[in-house]
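We have chain A already, so just place chain B on it with the hints.
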Amino acid sequence: MNQLQHIAIIGASAAGVAAAGAMRRGGFDGTITLHDGGRHLPYERPPLSKSAVSRGLKEIQSATSYAELEIELLLGQRAVALTTDREVIFDSAPTIRPDRVLLATGVSARRLPVSGAELHNVLYLRDAGDAEALSAELHRGGPLVLVGGGFIGLEIAAVARTLGIDVTVVETQERPLFNVVGPEVGGLITALHHDRGVRIITGREVTAMRGSKAVEEVVLSDGRVLPAATVVVGVGVVPNDQLVRTHGVKLSGGVVVDAHGQTDDPWIWAAGDVAVRRHRHLRRVGRIEHWDTAQRHGATVGSSMVGDLQEDTAVPYVWSDQYELSYQAFGRGEPTDQVVLRDGAQPDEFLAFSLSEGRVHAVAGINRPRDVRAGRSLVESGATVSAEALRDPATNLRRLPVLGGATK
Amino acid sequence: MTENAVIEPLPEVTGRKWSRACTTDEVPEDEGLLLTTLPKTSVFAADGEFYCVDDTCTHETYSLAEGWLEGCIVECTLHNAKFDLRTGEALSPPAERAIAVHPVIVKNNVVYVALPQNYLVKSEQA
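So the protein sequences, as listed, match chains A and B.
For the first sequence, the positions run 1 to 408 when the working numbering is used.
For the second sequence, the positions run 1 to 126 when the working numbering is used.
Isolated chain A (complex conformation) (with noise of 0.2 Å):
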């Protein structure tokens, strides 16, 4: 690996960090820039749905630890494009040409495309300044609309609530969370914020905002009217891969990498939530985006830049806070799989697994965290299972009887 000299990061994202770090303790000793179009030091994005008290950022890694490992952090540094030439373009600063460039760009919120949607106060969620602005938002009270039941619209309303403000929930399907984790584990988190004062409407999308300056009213499809003082707009997101669209690199719903986070163009590679890839435990090609993930894949990534060919194969892991609890799921399910819900499930401690042909394939719960990571081996070793025993509460999980080989 004589050859490489300069590694360019763009994103001091989850995965970029990380990925700068492995090419470091991979031994590589050429330069390793980390560049991002923001001014803060690198940051976790997870608490910042999480909580309205503005605690400060909390820093992925200690300011030093970028000097210790010899990474020159260039913040304030937006990467504008990647020319064939092998040229990275900033928006205001000199042209560089590393050796390998690392795309971890992560994701965007997308934007929802209805009249009145950049009205003042319709806000989303991704970034330290999109957090900023809400806790502001949710200080000066409510009503609040979330737009979207996925993950971030109820831990927003989660936290809401505690402040006491008044909640609703527009979610086009027929029930929140009912593409990410199916519609029992979904019923079960919608009764919890049931229990909790939000009010959930659900198979009605939003079909305009409207207000002076600021909004002040929310539309619906079926014609109803939402009084709202803030709305936050989650309905998903969109790959950053504005850089490489007219380069040429194979996209498919993000920028498609092999095992070890290669694009079809050997000088760049693509780690996190902008990767689209083949992952052992999962059945599906796709983005995978968790904060989790993405640190390991970008480390994976990174040591893979530099030599030592690596693959991401931690079974995919998210966590999620409601109120005081705390949801935590490994690997993904699909919707034919089979959901087996332990006896006693209530909305706040259940434990749920996705079975296909006796092996599971995921596994989530609230309140109990040492089962869901027992849930997690059972995702690693595809043994065939009982479903009877994963239902009953006296099963250790841990010591579970094997009914067939392992796949994996």
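The hints are simulated quantities; they were obtained by calculation from the structure and are not laboratory data.
Under the rule of at most 25 Å between Cα atoms (straight-line distance), these lysine to any residue pairs were calculated in the SDA-like manner:
(1) 107/B / 123/B
(2) 82/B / 280/A
(3) 58/A / 98/B
(4) 58/A / 125/A
(5) 82/B / 377/A
(6) 17/B / 36/B
(7) 82/B / 69/B
(8) 82/B / 47/A
(9) 58/A / 63/B
(10) 50/A / 56/B
(11) 82/B / 114/B
(12) 250/A / 289/A
(13) 82/B / 64/A
Calculated from the model, a selection of chain A residues having no Cβ within reach of chain B, i.e. all distances over 12 Å:
(14) 57
(15) 81
(16) 130
(17) 211
(18) 264
(19) 265
(20) 267
(21) 283
(22) 403
Where is the CB? At the ideal position from N, CA and C, for every residue including glycine.
Using the frame of chain A, we list chain B on its own:
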């Protein structure tokens, strides 16, 4: 936890004080035993040895005694950080900093731990 209940003399460790933590059979198989100290500490049994570490994950406030034990590695069940019980080293993100590790001696099926002088040890017999 009991201070000064040691009958047999234990080797002096500079800046630390020995306390009786528990009996060996009080330590669960797959997780840790939280001790009544401040800051919190916990005892683990792993691969036939006993270990004592600071109980709180260095990433966010969560008990490692409630973690997932595999060999000498304890994994925080909140965000998957991993620590080596022998050295305290953080082995997996999101943790960056090590946890403190404390000397342990087992005598007659009793686990003794040597905690820094400034740790508070609450006696269960109080």
